[in-house]
Structure formats: structure tokens, C-alpha cells
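From first to last, the protein sequence lines stand for chains A and B. Take this note's numbering: the last position of the first sequence gets the number 444, and nothing is skipped along the way. Take this note's numbering: the last position of the second sequence gets the number 481, and nothing is skipped along the way.
Quick caveat, the hints were computed from the structure, so don't treat them as lab data. Accuracy of the hints is not assured; some may be wrong.
[As the list claims (entries may be wrong)] Keeping only pairs whose Cα atoms sit at most 30 angstroms apart, straight-line, the calculated DSSO-like set for lysine-lysine is:
#1 Lys75/B <-> Lys6/A
#2 Lys181/B <-> Lys138/B
#3 Lys123/B <-> Lys64/A
#4 Lys129/B <-> Lys181/B
#5 Lys20/A <-> Lys123/B
[What the hints assert, rightly or not] If you only want the chain B side, here are some residues facing chain A, beta carbon under 8 angstroms, derived:
#6 Val42
#7 Thr43
#8 Gly58
#9 Trp60
#10 Ala82
#11 Ser87
#12 Val120
#13 Leu124
#14 Tyr178
#15 Ala267
#16 Leu357
#17 Ile394
#18 Gln402
#19 Pro458
#20 Val461
Beta carbons are placed, not taken as given, at the ideal position from N, Cα and C, and that holds for glycine.
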Amino acid sequence: MIDESKARAWFDWALHEARKHSVGDVEMSLHASESALTRFANNTIHQNVSDESGAASIRVAIGKRTARVSTNRLDEASLRRATSQAIDLARANEEDPGLPPMAPPEAIAPVDRWDAETATLSAEARAGAVREAIGAIAGSAAGIYSSERSTQFLLNSNGVFARHDETGATFSVTATASDSSGWAKASAVPVGDIDTLALARSASEKAARSKTPRRMDPGVYRVILEPAAVLDLVGQIFGDCSATALDEERSFLNGRFNERIFGSNITIRDDVRHPLQDGAPFDGEGVARRALTLFESGYPREMPYSRPAALRAGRPATGHGYALPNDVGESPVNVVIEGGSSTMPELMAKLGRGILVTRLWYIREVDPIRKVMTGMTRDGTFFVDGGEIQRGVRNFRFNVSVVDLLNAVEAMTAPGRASGEESFDMVVPAMLVAEFPFTEVTMF
Amino acid sequence: MRQLALDALELAKGRGVQYADVRVVESETQDLSTRNGRVSQVTGSDSTGIGTRILAEGAWGFAATDDLSRDGIDKAVFKARAIAKASAMAKLGDVVLAPEQTWTAEWDSPCAVDPFRISVQKKLDYVLKVDEALRSNKAVTLTETSFHATRTRQWFANSEGSVIGQTRTVTGAGCACYVFKDGDLQKRSYPNSFGGQYQLKGWELIDEIDMLRRAPSLAEEAAMLHAADPCPAGKHTLILDSSQLGLQIHESIGHPIELDRVLGSEANYAGMSFLTLDQLRRLRYGSPIVHVVSDATIAHGPGLGTFAFDDEGVPAQRTDIIREGLFTGYPTSHESAGAISETRSNGCMRAADWDRLPLIRMTNTSLEPGVQTLDDVFDVPHGIYMETNKSWSIDDKRYDFQFGCEAAWKIRDGRRVRMLKNPVYSGISTEFWNVCEAIANRDHWTLWGVPNCGKGQPEQVMGTGHGASPSRFRGIQTGAL
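Same shape as in the complex, but just chain A (with noise of 0.2 angstroms):
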């Protein structure tokens, strides 16, 4: 891993290379990690894996023409080589005049994402809590167990001199019965936060009770997702939550930027001191992340803006731009939907009648503006009466607006920590949706 004095002296060589280039400015992001998969498919672990590696990043700016060159090769040659070819990348670039001059240095207050246990947690010990889950499944287990710690430096010629260090663990768990599954997933900072055991015997249970899944016919249905499927939908949104993408104007929200977006039950922001959120407080020029209310009361409020971005628009940078140069400019990567005050019991007694989705798979924009996007439920989709689960249901096909989605939103219970695989993980509700379009049924 690499400690404040390699980064110092891996950050002077790439400086001194530049200068005797004639270049003074220059910006290094450095980043560490050792991470460990632990990996299992029809009760046996098939795949079990462990990486340990560390990159450098070099920009340099010559007047208004920038490169970036990165290696793994962290020895002096090395550094000095990238640093030269982003020089010569930089020379040959065509001059942008809406590039800012390297950041200056600001006081960035750290946050605790560091978990001892965590960071050395055992093959042994994976392979134990995989065997555990798998004793509690009736079915077929499949899933992963993995742990990750990192350490990042971002450094500048202006002074900036930025570090996070960080620990993170995931437990993701199918079980599959002979016509059904169930699925379950946590992640957290600290390993300790994650039940694995419970969350196995959840997947079961969910494969159990969607056993002999009947076919219902597609349409509009009342709907539960549960805050992954919540987090895979709705994060689809947030790429276009972005002063770069309003300036392009490839943003749902162009043109409506003083109109009431969502129902005025929806209130989102992007906070990266939020204690279940996890992520470095500064961005990918060093700038710290500032806490942004995204939509208040369904209104669009605060968006993102990068320095290149907020230098056009004349205002302060908000600490949420991409490393440059870029294609995106910005994005809020810290999502915390606040949700309403209902328990999951209250919410599925209010449901009646309708759809309970685990898990949503394979989703994809199928209308820019309207933000439609198409997909599949998966591993526990129920048909509820009565506030009760009844039975399994086969799989739907959805094609749903975002925008009608959270303009629909009934009740909501307290958001948590949440994880999928198609967006980030963000602290988000449950949802009971009034309105969501099933267009298709599957096979299963």
C-alpha cells in the first residue's frame, strides 16, 4: 500500500520530469488496493480470487492544452516516462479554453471509512461464512463474499494534497429452487454490518415462497420494490443530474429546471459524510464534495458542477467532477433518498393488492428525456393481496418512466444502505408505487 511520504516523492519525481520539460503544472492521483472475492455456485466455492495492485494517474496542463497518461509501474523511470508522454499528449493537443488552471489547495475534512477487521479478513474466514450460508439454504447457493481496503492521494502543483483511506466488504446470495430463486445482497464499510447468515436465510425464504410461479397477465399493477430495485431504477436518473449534461442539453431536465419534477414526497440529495454512504470527500481534481439537496419536494434544487463546468457557468465548483479530461463532466455519486416513515409490514399492508419486487435486472434507457427504461424483475417477484404475500409470480418485462415512477410514489419506508448490480449503492426506501407498467411476461 502506499504511505504520505512514497506519495510525496512519487508526486516530486513526476514534478521534476515536468519541469525539465518546462511544465509547472502537474496533478498525480495515486490509488492502492488488495481485494479478495470469494466466490460460490451450486453449494461449492468455484472461484476464490485475490488482487493487490496500486496505479498512478498524471495530468499535466501546458497554457490551455491538457493529457493524462497512467501505470501501474511505480518506480522512478516509470513515473517519469508517463509524466513525459502526457507531456507530449498535452503538446499535441488542441488548446480548450474552458480549461481551469490546476485546483488550489482547501481544507478537506476526512472521513472514517476504515475498518481493521475488515481489511484483513481471511480467505478462511470467507470460506467459513460461505459455508454457513450455504448450510442455510434449502435449495442451491450461489453468491459472493469479498472485502476490498484502498488508500487514494490526489496531489497537484498548487499545493492540493488529498487522502482517503477505505475498507469496504460485500455478501450477494441466490438461492434457487427447482422453478424458483431468491436473492438478498448488503454492503458496508465495516464487515461487522453485514449479516451474512441472515441474509442467506432470506434468499431462501424468498425462493421458497415463489415456488410454482403462476403467469399473471402484463398491465399496470401497484407495486412494492424494495430499495435494490429502487436503487437500480431510479439510479439511472443521476447521470443526467449534471451542470455538463444541462449544458449539452442531454439531460431530462433541460427546460425544466423550475418545474416541479417528481411528487412532493420526493426529496433527494448527494451527501458523502452521510454515515451509511462510503466514497473519498474530494473529487477527481481534489475538490471537496459539498452536500447537495438534488430535488426538494419533487423541485430541482442544487446540481453538480465540475471546475471546467462551473468556471462556463460563472459559479463555485460543488466537488463532484470526474477526473480530467473527460467525456461527463459531473455526477452526484452519493445518493441519499429520503423516504417516508412506514415499516415494511405498514407498507404491504397499504400495498393491498399488487406486485412485491426483490430485484430488477438488465436495465437500459430507452427514452433519454422521458427517461423509460426497459428491464426485468428477477429472484422474488410476488402477487400480494390483502397486505400478504399469496404466491410467486413469473418474471415481467417493464417499460416505465422514472419520471412517472417518482410521481407515483404512495409511502416509503426509512431509507438504508442498499445494493444492486445495475446502478451504485445509495441509501434508499422501499417504495409502494401506484402505478408501474409490467409490459411482458417471461418463461419463468
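Since the structure of chain A is already known, use the hints to place chain B on it.
Just chain B, lined up with the frame of chain A:
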């Protein structure tokens, strides 16, 4: 690199293993892109590392590192061995591998014009010209162009005695334009969406696709889409261009045939498959004119799935997947070949990089050309022609799919009569392939590259190839979304 692989292998063999293989991989990439006439990305990167896979105590362990010192490699080998021991804590039986002969070889992919030897200035000049040509249409509100090159050098060595070096050069490029008007956003891309065309070639690919020639008409089409009628809903005769058909093959044939998916390895993430083992040589996958192969050999073409040996040291092969409509084969590995009573892997194990484990991946999964001319394919009284993918989705067993395309045209008496916007079509995989009634001949066949196929945990992004020519399907559900 070769010696590094051999040294690492010796360390692994000294740790009491049943089998071990080592891959040392060195790669370099370059990416350039523009947006609205401005260079938005100029980046380069390189990466070198080693991955060691060990079979011991009947179970697998894998560890990778970019620390190429003897200590660093020894530590990784030790870790892989320890992980194999931990894996054995939750095993049902011992892993058994199909035998493979030993190979000593070195291979470079064909590359006429080295993309890394073309100056950055020349590349930027070209993509900026394309960008300018797209913006010459005043209706266009956003333009994008991109260029990508990767060179990967790999040495593989295994405890059976194989030592194999391979160098692959991949080039990709594409352009797109958007027209935002009256609250609607329409887009056209060339030669394909989501980054363009990618092949195992050099700069010659850029000359072949000639984006500059296509740019003005592409921009005109994006503007015209705003005035087009929505694609009609209902059952229609559908003609697909070869790029969209390439993705259709990828999703509804390429993924369901992966034997690891069939056997449950991907149940938690990518999903399983409707192609259970009892379907082999029984299922009517398509109509009798449908022939699909999995072909990694260079004879098939310069696809993203073309190589000399897979990442288990098995030579590239051509396997019939669908022959005259009948499902006839799966891509396999050393470990899985026995599940379908094969005595040898057909060479489809590929790893995304040095830090990833080889998995069964599509190579070039291609629909063989038909016998019809393009006019024959379009020769229907009424139909809909769709071009260039816009969205794609399929369930986790690969039955139910829905695709959206950037543009469509109403076909009447064999001719395009008017443009249609926001087209989508949907269906069930085997039902779709069983109504294939015309496939254009080799003159119209293109080997498309899909550079972004995701699979595995931790996820691996892999390039796959899909040859296809424009084809016609009867009675397909279409609509507009």
C-alpha cells in the same frame, strides 16, 4: 515476460499443486475523443501484472499482483495456494480437468498500420474533421467522436508444459450526433452505437469505416427523425441491419450458450440459461437457414474474439453452435467440457486482464452468411427495417428480450418509403430465430466488435466478435417507446 512467467510457474509448482498456470500481461491503451468540436479526452495508460491460478486439494485459488519482484510474485503464489486451501473448506468434490496437449507458440495478431505509430496530432485532426462534418448540419446540438487503441502482450505458462506468447492489437472508432428539439432527443451513430466499430486491426480500420464520408448524411438522419412518425405497434416483418443483428446474436445466442452459465456458475449475477443440457442436439433453436458458429480462429476474421490460444492454453477453434437450426454445441473450458461428455475444451476461456480469472467467454459468435442478395432480403410487400442499437435488455435466463434502435424505415414493395422513430422490437429468443426467413450473403457480412461485454464477479469487461449480415424475420412484435 516469458522468463517471468516461467519463474512464477516454478514457484507455484514448488507449493504442492495439482495444476498451475501463470499469465504475465502487459498492455498499453490510448483514447482520444471530441465533443462539439472540442477535444474532450486525450489519455494513455499502461499496465503490467501477473496472475497465478492454482488447483490444489481439489479446489481453485487465484492471486494477482503488479509487484513483479521475486518477493512480490512469491507472495502472490503463496496467497493463491492458501486461497485454494480455503476453497477446499466448502467443496463438494474435486475439480477435474479435461486433458490438453502441451503447446509452445508465439503469435501476433495482424496489424497493417500500427495505431500507436500514427501521431496523436494526425488522429486528432481526423476526429475533429469528423466532428466538424457532423456539426455542419445546424440542427445538431451535440456531437461525439472517439478513437481507441489497445495492445496486449501476454505470456502464458502452465504446469503441463505449455508456453505461449500472444500479442493482440485492437483499434476502435466511432461518431455520433444528437438533435435536441421540442423536448425530444434523437441520435444517430456510425458505424455502430456505443463507441463505434472495434476490430483486431490497426489504423487501417479507420480508413475502412470512413466516418468523414458518412457524417453529413448521419446528421441529416438525426434531424429527420424529429419529423418521423413513431414506429407502429403490432406484428410486422422485421429486417435488421448487421450491427443490430450482431447484438441480437450476442444476447440471445452468445450468452445463453456459455456452459458455465448453463451449469449455474453465474446464477448470482449474470444469470443462468434456458439452454439446459437436455437441449443439446434436440432444440430447434432457429429456422433451417440459421447456422451459427463460435469461431476464434483468424480464418474467421479480425474479431475481438480472435486469438491463437485461449487463457487455458487451448488452441483457437471453430465450433458449430447452431447447424441448420439445430442447437449443436456450447463454448467450454478444461473444467466444464466433461459435463457434456467432451474429452477436450473447445478453447473459450478468457480473462480480461492479469488480475482476473479466465472465464468461459464468447469468442466470435457469428451468424453465417446466407444466400440472398440484399434486394432479396428487402423484397417484401410490407415490413420495417431497423438500424443501429439504442437499447438492449434480456432476462436472466435469456428468453425474453427487447431491443430499441436509433432509426427505422417503413418498407413497401422492397423499398424504404419513410422514416420511423423510437423503434423497439421484442420477443422470445428461440421463437425469434425460428422465424428467420432471409439472410444476406457474404457481400453484406460484417464482423462487429462488442468491446464492453460484462460477466463474472469481480466483473470482467471483455471484447467479443459477432459476424452478421442484414436478415429478415417474420411476425415480430414492434412498437415505439
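Against the structure, the hints come out as follows:
| no. | hint | result |
| --- | --- | --- |
| 1 | Lys75/B <-> Lys6/A | holds, 21 angstroms |
| 2 | Lys181/B <-> Lys138/B | holds, 12 angstroms |
| 3 | Lys123/B <-> Lys64/A | holds, 19 angstroms |
| 4 | Lys129/B <-> Lys181/B | holds, 25 angstroms |
| 5 | Lys20/A <-> Lys123/B | holds, 27 angstroms |
| 6 | Val42 | holds, 4 angstroms |
| 7 | Thr43 | holds, 5 angstroms |
| 8 | Gly58 | violated, 10 angstroms |
| 9 | Trp60 | holds, 6 angstroms |
| 10 | Ala82 | holds, 6 angstroms |
| 11 | Ser87 | holds, 4 angstroms |
| 12 | Val120 | holds, 4 angstroms |
| 13 | Leu124 | holds, 7 angstroms |
| 14 | Tyr178 | holds, 6 angstroms |
| 15 | Ala267 | holds, 4 angstroms |
| 16 | Leu357 | holds, 5 angstroms |
| 17 | Ile394 | holds, 6 angstroms |
| 18 | Gln402 | holds, 5 angstroms |
| 19 | Pro458 | holds, 6 angstroms |
| 20 | Val461 | violated, 15 angstroms |
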